[in-house]
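2 protein chains.
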Amino acid sequence: MRGENMLIDHLNARIIKEKSPIVVGLDPRWDLIPEAIKHENLKAYGETFKAVAESILHFNKGIIDAVMESAFVFKPQIAFYEQYGIEGIEAYYKTCQYVKEVGGIVIGDIKRGDIGSTSEAYAIAHLGETTIGNRSLKAFDSDFVTINPYLGSDCIAPFLNQCQTHDKGVFVLVKTSNPSSGELQDLFVGNTRIYERIADWVHGWSIKTTGNSGYSSVGAVVGATYPEELKRLREKMPNSIFLVPGYGAQGGGAKDVVEAFDSNGLGALINNSRGILYAYRKTGENYQIAAKKAANEMKASIVLELERVAK
Amino acid sequence: MRGENMLIDHLNARIIKEKSPIVVGLDPRWDLIPEAIKHENLKAYGETFKAVAESILHFNKGIIDAVMESAFVFKPQIAFYEQYGIEGIEAYYKTCQYVKEVGGIVIGDIKRGDIGSTSEAYAIAHLGETTIGNRSLKAFDSDFVTINPYLGSDCIAPFLNQCQTHDKGVFVLVKTSNPSSGELQDLFVGNTRIYERIADWVHGWSIKTTGNSGYSSVGAVVGATYPEELKRLREKMPNSIFLVPGYGAQGGGAKDVVEAFDSNGLGALINNSRGILYAYRKTGENYQIAAKKAANEMKASIVLELERVAK
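Protein chains in written order, with the UniProt record's numbering: chain A, 1 to 311; chain B, 1 to 311.
It should be emphasised that the hints constitute simulated quantities derived from the structure, not laboratory data. We put the beta carbon where it would ideally sit given N, CA and C, even for glycine. Some hints here could point you the wrong way.
As the list claims (entries may be wrong) - Covered by chain B, per the in silico footprint, the following chain A stretches (three or more residues, Cβ under 8 angstroms):
1) 45 to 55
2) 81 to 87
3) 144 to 156
4) 173 to 182
5) 260 to 271
Please put together the full structure from these sequences, using the hints given.
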């Protein structure tokens, strides 16, 4: 079924236009934020979650502004905000809002998943609208979220419903980038690994929701630390955009992610968090200048590698 | 290894003393909260998240007060708070605080799980303490949380660390109670189902952390909708407390959960959410009276069934 899938078609058009398939992961850590930002907020609010939350928001806005030349997709990881309490989550909310204000796209990295009625609450919270009497309000307004498949299809269905109703997207965890990912995901069920089984599910959902650009609102998280698997999974899920973590700090490079793309350079979003956010700690430069350079370099490396492979 | 495991030993002592292995799930839904509570807050705050959050907190406190005679463990499901935005999450926080104020135990039903560094942030957020300069602050102070095993052991380890440091506990999703749970969890890896494999992991972690009462801080979520599996899993995880959802609204009854207990009536916590919270909608009584009766009945049914089986 081909049809309207505005978010995905817009995303793909923009990836081509801006030659940028990169995602900047916004994983704020208090101990890694520049001292000048922290100093100002500690003076105003003391050693409180408020001081942290204000520092995070200041830092994130600085990063977003700095890298907009080479990146327009941002992925805040909500765990790093939850650890700073309600104020931290407010910083998550405001970060998502700021990305939208400046014309970016937000992937809420929430990895939620629960029984149907609970998944529905999560889906409403992050992709949909909450109804209160005659009003509809958005709790956390992401374009995409990441979701965990352990509970099966009725954990996923409420998210797919919100994708259809509100023109949103999801990335289902298929193969993650962490060292122990194989303990469950690599086990064989008959002749098929578990992550391949999940990939088959994702493909099944994706073919029902594929837009004009050939891609679906149902994507997959596929770690860059396993390049040979990327290739096989690319074949298994031809309509799904891959969200590929693990570039930079987790060990993956441009050569390792190239298999995630189709022959037109579409179909993959490559995430880098620490390698961009905290580049300044290696170079000693202003954090915005360092982040901008790191994002530009990452984008250039991937574009170069895609051109090399296309020849 | 037997040793100090104060939370678990305290929990078990109290289950015996109060003859109560029941958990009240606090899953607030705006459309099911009594009109009188909503009316008051709509008048004060309009159709806003603030009005919802205040109503939820009022309702939850009313439920907690009403059922304390037969229940002392409460399980707020965070999804139902996230859907009401930052104000909703503040109601989650205050609900956890209130349970502690009145001497109850909190299971934060968050089902988180991510790569190591991210799981660490979640573990700090919900079980540990966040460090800001010279201060340590608690973001969301639960006694237990639920966690998802799809990413393997390095997703679990940070939670286990916080359990040890702060005397907390976890329930790992093993076999869930939803209709589609079998799609992944029931698949065979060799001769073993996936959920049995996860049960083996849980047992491995539990034997390292077992306290004087014979139970560990590492428990398991095992759905009551599958009683024959409960028995097998009880044998596989003798040191783990089972958190059993699915009682009441999801179809399970006292007969279905009895296999989750050991011969001393320990080893299981049986959750009921909707059947207690919204009992008033069936009986037409005041919501607190109806909840109190429903909790008392549930407790009595389980105690009776345990006595019947013990004979």
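Going down the list of hints, with the structure as the test:
1. 45 to 55: It holds, with 5 qualifying residues against the three required.
2. 81 to 87: holds (count 5)
3. 144 to 156: Three-residue rule met by the stretch 144 to 156 of chain A, so holds; n is 8.
4. 173 to 182: Coverage by chain B holds here, the residue count being 8 at a Cβ distance below 8 angstroms.
5. 260 to 271: violated (count 0)
Going down the numbered hints, you'll see the structure goes against just number 5.
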